[in-house]
Amino acid sequence: MITILDRIGRRFLSWFEQTGIWFDALGRTILWMFRPPYDFREWFRQMVRLGVDSIPVVFLTTMFTGMVLALQTFAGFQRVHAEQFVASVVSLAMLRELAPVLVGLMVTGRVGSSMAAEIGTMRVTEQLDALKALATEPIQYLFVPRVIAGVIMLPFLCILGDALGIYGGYLVAVKLLKTNPVVYKQNTFQFLQLSDVYSGLIKAAVFGLILTLTGCVRGYYTTGGAEGVGRATTNAVVSASLIILLSDFFLTKILF
Amino acid sequence: MQTISLQHLYKAFDGKQVLNDMSIEVAQGESLVIVGGSGTGKSVTLKHIIGLLRPDQGRVLIAGEDITAMSEVELNRFRRHFGMAFQEGALFDSMSVFENIAFPLRRHTKMTEAEIRTRVEECLDDVHLHGVEKKRPSELSGGMRRRVGFARAISLKPDILLFDEPTTGLDPVISDVIADLIVEMDQKLGTTTVTITHDMKVAFKIADRVAMLHRGTIVEEGTPEEFQASKNPIVRQFIEGRAEGPLTATED
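Note that the protein sequences, when read in sequence, are chains A and B. Heads up: the first sequence begins at 1 in this note's numbering, then just goes up one per residue. Heads up: the second sequence begins at 257 in this note's numbering, then just goes up one per residue.
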């Protein structure tokens, strides 16, 4: 009994510690963001790596999600003769929820993990110490460009995802299920508000922050050789995905 | 004046005392070698000198200034006077050899691209390496990686050079070449040098003064001649490399 309580207690303590470390890293990243030197070349490089290189993945996931969403809602709505609302459901769901979350999760898997692995390897091979010895703060050199890239590029990927998802839905509804293209287009935009678009983009920016910072922090605090790097990578993906999904609920609650 | 002064340092990790009232001073231009077995706190000592670790108690004075009380920003300004060569080189594997050596120049000087190129060539020349600028660290041998690490450490013309186990894992011939190189660099650049090693041959070759670290404190120090003649049983066992003696008796 005592051992069980002991383990639960330890879990909680470690959870609180991790949360503290995360917010400490966030504070320091923001602090170092505004201190010279500004390494714009590195910022740009990370943006390309995170944003441009993620386009194929975003393309496939959001497009197919839009397509399957149209297929599923059509099957359901047909039973109550509400097929005309398929378009509205697809566009609302993509803009407000699916594009930001899917993009967040996919980029976590693709980029968050590689950040943790890269920085973790630098930790175990003393490259982080070498950075400090060369009078360069690792937070500034490694965290800042990655976090900036995440916060800036995720909304762009999200816009791309929005467009592709809606287009995917359109393709399925019009070409496959033979609904009226004019009515479909009209219904896509009829019930939309500007807030639907920007709430999704705010979410995407927050997810960009979460996934990059989690990847960096997990890598930075790696201990114990190759095995430690593997653990850090897994942890980065698992915890960033969890934080994204949890914060998604609260963000939605706040933004409406 | 003493350039480096470590005063009564204590440092523990997870309850394990690594440095235990450790004090040592290094004069300007001097080459100090700290020897000791594995896990005696050699690397930890070196990391305290450059502020990568902060002591639990005690002070680290560099040119009279206490670096233990400095903020990270002040410390970074201070670290430009240091060059540190890491055990395996710790080269940035995402960059070429050229980019590695140019890294501190790009970040801390306003040199033009042409000046950087010249300086990198000078540094590579100092460590007797040629034609490797475009190579990746992973394509280099262990000895070459360390030389590139040395070149990167001296690129900002530091006043103090630190070498962390410069010959560990190298064959005896390359070890000797590296030791010669350290002596040569030390003389040419006129730096204050601190090296940690467990290789006595290397230690005697490059040291003005040798100090032995045991259980987190300095147990013996002196010129190489004095050190070799020491009657301290710990030192005797270490120099002779015997399995039986006070070192092994007290280790576990």
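Some clues are possibly wrong.
A few chain A residues facing chain B, derived, Cβ under 7 angstroms [to be verified]: (1) S14; (2) V124; (3) E126; (4) D129; (5) K132; (6) A133; (7) P138; (8) T223; (9) G224.
It is worth saying that the hints were derived from the structure and are not from the lab. Even glycine gets a Cβ: it sits at the ideal position worked out from N, Cα and C.
Hint check, failures only: Violated: hints 1, 2, 7, 8, 9.
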